[in-house]
Amino acid sequence: MGVCSLKLSGAEILIKSLEAEKVDTIFGYPGGQVLPIYDALYDADIRHILCRHEQGAAHAADGYARATGRPGVCLATSGPGATNLVTGIATAYMDSVPLVAITGQVPQSLLGRDSFQEADIVGITLPITKHNYLVRDLSELAGIVKEAFYIATTGRPGPVLIDIPRDVSATVDEYEVPGELNLPGYKPVLEADPLQVMEAAKAIAESERPVIYAGGGVVISGAHEELLRLAELLAAPVATTLMGLGGFPGNHPLSLGMLGMHGTKYANFAVCECDLLIAVGARFDDRVTGKLETFAPGAKVIHIDIDPAEIGKNVQVDIPIVGDVKKVLNQLMDIIQPRLGDAWREKIHAWKKEYPVNFCDNGELKPQAVIRDIYRLTGGNARITTDVGQHQMWTAQYYTFTKPRSFISSGGLGTMGFGMPAAVGVQVGCPGDTVFNIAGDGSIQMNIQELCTAVNYELPINVAIMDNGYLGMVRQWQELFYKRRYSHTELLNPDFVKLAEAYGAEGIRVTKRSEVIPALEQAIRSSKPVMLDFMVEREENVMPMVPPGESLNNMLG
Amino acid sequence: MFDSRRLATDLGGLNVTHTLTVLVENTPGVLARVAGLFSRRGFNIDSLAVGRSENPGISRMTIVVEGDDRILEQVTKQLHKLIDVIKITDVTRDEFVDRELVMIKVNTETSTRAEIMQLVDIFRARIVDVGPKSLTIEVTGYESKINAFENSLRPFGIMEMVRTGKVAMLRGFKSTTINDNPKKEEVN
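Chains as they are written, first to last, in the working numbering: chain G, 1 to 557; chain L, 1 to 188.
Accuracy of the hints is not assured; some may be wrong.
Derived BS3-like pairs: lysine-lysine, alpha-carbon spacing no greater than 25 Å straight-line [stated by the list, open to error]:
1) Lys81(L) - Lys146(G)
2) Lys483(G) - Lys512(G)
3) Lys146(G) - Lys187(G)
4) Lys187(G) - Lys81(L)
5) Lys174(L) - Lys187(G)
6) Lys528(G) - Lys498(G)
7) Lys81(L) - Lys327(G)
Over the 10 Å line for every Cβ pair with chain G, so calculated as not near, a few chain L residues [as the list claims (entries may be wrong)]:
8) His18
9) Phe43
10) Glu66
11) Leu101
12) Arg124
13) Pro132
14) Ile178
What the hints contain is simulated information worked out from the structure, not anything from laboratory work.
A virtual CB, placed ideally from N, CA and C, is assigned to each residue, including glycine.
Chain G with its partners taken away, still in its complex shape:
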């Protein structure tokens, strides 16, 4: 048997290369410069989900990737198609999501001439991709696709964009299976330096009040079991970031819930008083640290991260460890001794008792109560996507996440309009799971067109809108810091029930507490997408809260 040589078009080579990467689903939107690719897709074994907006396609691919752990793929045409992907790519970049974005480009003969639907998408996405490519010759295409998937999924994952001029996708040439990758400039460090691990073990042995601060890296690396073992071994409480939710079971006695601006009081107190902070796959974001000068003031800091550039970026650390979180935790557990529960644990237990996460439950339709009911009804087994704002924080606080990849939300970029298309991607990737998109009445309208995608592909997504007629989080800041001057935050909304019905979905309006459970049950039972419009208390605030620029122990509410 010789090397099979075969004449294929660039588009066919692209499809073949995607199949070689085991891509089973593409989220996309056709257009002029991707016509050859869509023609090749017509006979391909890859499922194509036609989103209703390229931004939706990017977020859907992102949601698919976050839920399944496999790279998400989105496809758009040149110019406006490509620029519509930008928010989605930036969202994936900030949260380290493996995403491969493929865009059509004008033929090379027209490049650089302001041709119809031409945009320099490689230039535009330079700062928001892990890497990107303009394919200049068909002979490069198969190798570039292979490289793109490798780069997107290894090390610290991230989005990679491949821009394919139409002449490249339309040309026919010999197809050759790409050879070994040659990336001299890309060698992610996975295994940690044993000396650093030993330093960490020493610091752990010397500490009396350790706290583990776990971020999205735990989920990405699949290190949730290791984290649980480490926490139990050290009897160390675990505070997670927003991205880390689900990386440690929220109902575990050692769980402190989320830390930071809207974290639990006991998580923030524990960080303030700990003598050792073990940061695992986290990046000391400003929403987590509050005022940097007073962040974990008395603590030695161990920072475990796969990205060396994260170490020392915001905060000086004492023991940096570069490596894959899962590997590093295993290395660490090989050499540390168990610690007993002690005074520290009792102190934390006392804080938990004194400052529980709660709200003034007066029997009215409170958003926190709705989210708690969603948790109870789904037994914590649903996949939850959110948009960005108050409902996102309430979800983080009142839905107790116990499993990795169950909370899918735009943390770093904070992209409103993420939840609906992400839910599409999640449901496509996890067809048997119950999927909820918890949204606000503001952000749902930023990508509501993807409800049509859900109807089109019979994806039984449940959309729960916490409808307070405001851009709630902005209103909250205006209330607290701008003397209640509600500048342009009150919303005139469409009738979401009728809108859902117009899209071919079910719509349910809920105005009373007693209606919540029956409505949720009906939604979960339904085989159609359901949009639930919860008319919640209008001026409810997300509490507790660390005011911007304040120390973590200085919380309102």
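Once you've looked at the hints, dock chain L against the given chain G.
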């Protein structure tokens, strides 16, 4: 109590000029990637020179940056994150030589021409073009020599000046080539 050690931004010691030799894949757009990184992360480039290296697929950039140790560490780490960046060497940490080429077009009158030519001799510069009222002079050397030459010409009236930016090389047998010691993260 104010504990400033958490503030990564305030630490790192003195501002020093560092000369980095950066090996990059010779791909279109690699300069934009490097330059874009500097601007969006707020790092200042004093000078940047780029050209082919001894290896046809690889370009060598010489980047001069000013900053404290912390900034330099971030610059290095962020540069490493670029897939096209193969190797970074801070030559300032070792014995090195650096050179820059400058061309200066200076006003000349019959009365000043001789004096300028004398300066050219002293600084071992070269006259590369002679006009009726101007001389174009080429000079290479390290920075302080070039600055001194520029200052001595200033009284005659410098019409135009162009500088290539610094290029640098380690002294002796050491080199910054790709096989010398492969790209390595410098954190652990």
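Inset, instruction - Starting from the hint list further up, note which numbers the structure goes against and sort them upward. - result: 2, 14
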